[in-house]
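Participant: This is what each chain is made of:
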Amino acid sequence: MTEKIIQIESLTGGYDGSVVLQNVSMDVFKGEVLVIVGRSGCGKSTITRYMVGLQKPYSGRILFDGIDIWSSSKALDSARRRWGVLFQSGALLGNYTVIENVMLPLKEFTNLNRVEMMDVALSKLEVVGMEHAAFENPLEISGGMQKRAGLARAMVLDPEVLFFDEPSAGLDPVTSAELDETILSVNRSLGTTLVIVTHELPSIFAISDRVIMLDPDEQGIIATGSARDLADNSEDPRVRAFFGRKIGE
Amino acid sequence: MKGEIVHDGDIISFTGRFNITDIREVTSSLEGITASETILNFTNCKSIDASIAARIWSVSEAKKRKGISLLCQSMNTDIQKTFARFRAIDNRSIAPAPKRTLLYNFEDIGDRVLATWDTVSGLLSFTAQAFRALFSGKVRGPITAYYMEQSGVMAVPIVIALNWLMGVVLGYQAGYQMKQFGGELFMPALLAYSICWEIGPMMTAVLVAGRSGSAFAAEIGTMKVRQEIDALEVMGFNLYGYVVTPKMIALFIVMPLLVTVANFAGMAGGLAAGGFFLKMPSAVYIAEVRKALIPFDLYWGVVKSFFYSTIISVTGSYMGMRVRGGPAAVGKATTSAVVVSIFLVILVDALLSLVFVHLRPGLSL
Chain B
6 MTEKIIQIES LTGGYDGSVV LQNVSMDVFK GEVLVIVGRS GCGKSTITRY
56 MVGLQKPYSG RILFDGIDIW SSSKALDSAR RRWGVLFQSG ALLGNYTVIE
106 NVMLPLKEFT NLNRVEMMDV ALSKLEVVGM EHAAFENPLE ISGGMQKRAG
156 LARAMVLDPE VLFFDEPSAG LDPVTSAELD ETILSVNRSL GTTLVIVTHE
206 LPSIFAISDR VIMLDPDEQG IIATGSARDL ADNSEDPRVR AFFGRKIGE
Chain Y
491 MKGEIVHDGD IISFTGRFNI TDIREVTSSL EGITASETIL NFTNCKSIDA
541 SIAARIWSVS EAKKRKGISL LCQSMNTDIQ KTFARFRAID NRSIAPAPKR
591 TLLYNFEDIG DRVLATWDTV SGLLSFTAQA FRALFSGKVR GPITAYYMEQ
641 SGVMAVPIVI ALNWLMGVVL GYQAGYQMKQ FGGELFMPAL LAYSICWEIG
691 PMMTAVLVAG RSGSAFAAEI GTMKVRQEID ALEVMGFNLY GYVVTPKMIA
741 LFIVMPLLVT VANFAGMAGG LAAGGFFLKM PSAVYIAEVR KALIPFDLYW
791 GVVKSFFYST IISVTGSYMG MRVRGGPAAV GKATTSAVVV SIFLVILVDA
841 LLSLVFVHLR PGLSL
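Sequences listed follow chains B and Y, in order.
Count the first sequence with the working numbering and you get residues 6 to 254, in order.
Count the second sequence with the working numbering and you get residues 491 to 855, in order.
Isolated chain B (complex conformation):
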């Protein structure tokens, strides 16, 4: 787990001219489960938006497999084929069924015929335990199911990296734990690199290989290491305060 898949070099960025992240550098290694944590407003989701090319930084570079994603539109397009993103809401298109949503990337980027696409989509839905809801309207299924379907769509092209923006948000502890298990099984069985933004302590301890903690006052990273190491050994009061919460709080 030493080969870098994503490198962020001296990234400064934010929204509408305001700075949220200042001179941030970090790496994501192939095959790891990296969890990004921090207080609200620290830039967890923002840094993910930069990593997936939804925003261009004010300065600094984001390298995906050694290539600056903003160096050309071709570089960004080719990187986009190699990652998948699960948004907080699942972000399924409301005018398609669940399986049509999962088939969208296949229709756009492969030459498979309809039957083949359905088979691939169903197999991915099976991985996330959603095959029974394949022909449902995404707006008529629960939040947890929407996220599972979103995960199936994110992994339908077998991406090398999967990004998750607060996958547990709005879910009950049982559904959240089930989703964590599904996420972890994707990493363990397919070797997919996972970058997860969350502030759910149980999830952090359950699934992370490495944790990066951001802080809104520092506008950057204040700690990195394993969750257990940070919780037990960090001397930074902000890290201790974050991990000092009782699980479930």
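It is worth saying that the hints were derived from the structure and are not from the lab.
Treat the hints loosely; a few may be bogus.
Stated by the list, open to error - List time: in silico DSS-like cross-link candidates among lysine-lysine, alpha-carbon distance up to 27 angstroms:
hint : chain 1 : residue 1 : chain 2 : residue 2
1    : B       : Lys61     : Y       : Lys714
2    : Y       : Lys714    : B       : Lys112
3    : Y       : Lys628    : B       : Lys79
With chain B fixed as given, assemble chain Y onto it according to the hints.
Facilitator: Okay, now just chain Y, sitting in the frame of chain B:
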């Protein structure tokens, strides 16, 4: 122990525990203070909650502006911590509201000009990208057919009804005026020109902007709020090709048809008005219309409809794409889409009218 407030000259003592249920009592005690310096004594106060601290802080700030000081004394650590949150707010500099000076008014005008320029340049760039996607991307048949149905087929009844009524009104008004000096026979020609050159295309464009332009903005705006646009973008979809061009193509196909339907509906309205109010035989009306119109007049509406299709589909999509924030922003985008579309339709119509007089055979100023 419930909180109690005791007044003793210029000293107000707080005793016991205070929470939100005591807020009225606290407010009335503090607001009645008129002495230039009053001490708030917390020696026997066990605790206050954030709402009471906020109340004391805000009244204290208001009094300070009137030259009245409220000094807090003998607070325990918990109360100090509760107050500390509001002192932090106090220390932050709050930008004063700009004074309405002459310079401010110029700045305000400048800001609005820049915002308008931002919208115009954004819209032009968006239009260029949309056309680029239109000519380089693939046609998405099912989605395009869906928008053709929604924007075209579903709009036919209202387009016919509205333009027929416009024809009736124009026919009656024109016929009535002309009849006074025996010129009612010119009504069919006047009406046919009005309908085909202006009213038919314009009313159709306004209707489509209201029905479909707003729907495009609302649909895309909602997709933005639900992160569906972000999802499409990170999946590598060409947003213009996937979201905008099906709407453009749909309007390119249905608008000329709607305008043609509108033209005939409007002239049918004139026929009804002529027959009912002016007792003009149908054959005479039709003959006069055929004598007046040339094919160019009908084609002109079709030409205009291509411009209007572009304006409505691109403006609706652009306003939807600009949505940031929550559902309220979707409502604003919808309104903007309709207002800007109709304004641009009328602006382009005015420009096309200048071209029209030079292009139409047999017409010169």
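Participant: For the pair supplied as a hint, lysine 61 of chain B and lysine 714 of chain Y, is the alpha-carbon distance within the 27 angstroms limit?
Facilitator: Answer holds: lysine 61 of chain B to lysine 714 of chain Y is near 18 angstroms, not above 27 angstroms.
Participant: Measure nothing beyond the straight line between the CA atoms of lysine 628 of chain Y and lysine 79 of chain B; if it is 27 angstroms or shorter, mark the hint as holding.
Facilitator: Roughly 19 angstroms separates the two Cα atoms, so the pair holds.
Participant: Going straight from one Cα to the other, do lysine 714 of chain Y and lysine 112 of chain B come out at no more than 27 angstroms?
Facilitator: holds, 22 angstroms
Consistency note: the structure conflicts with none of the earlier hints.
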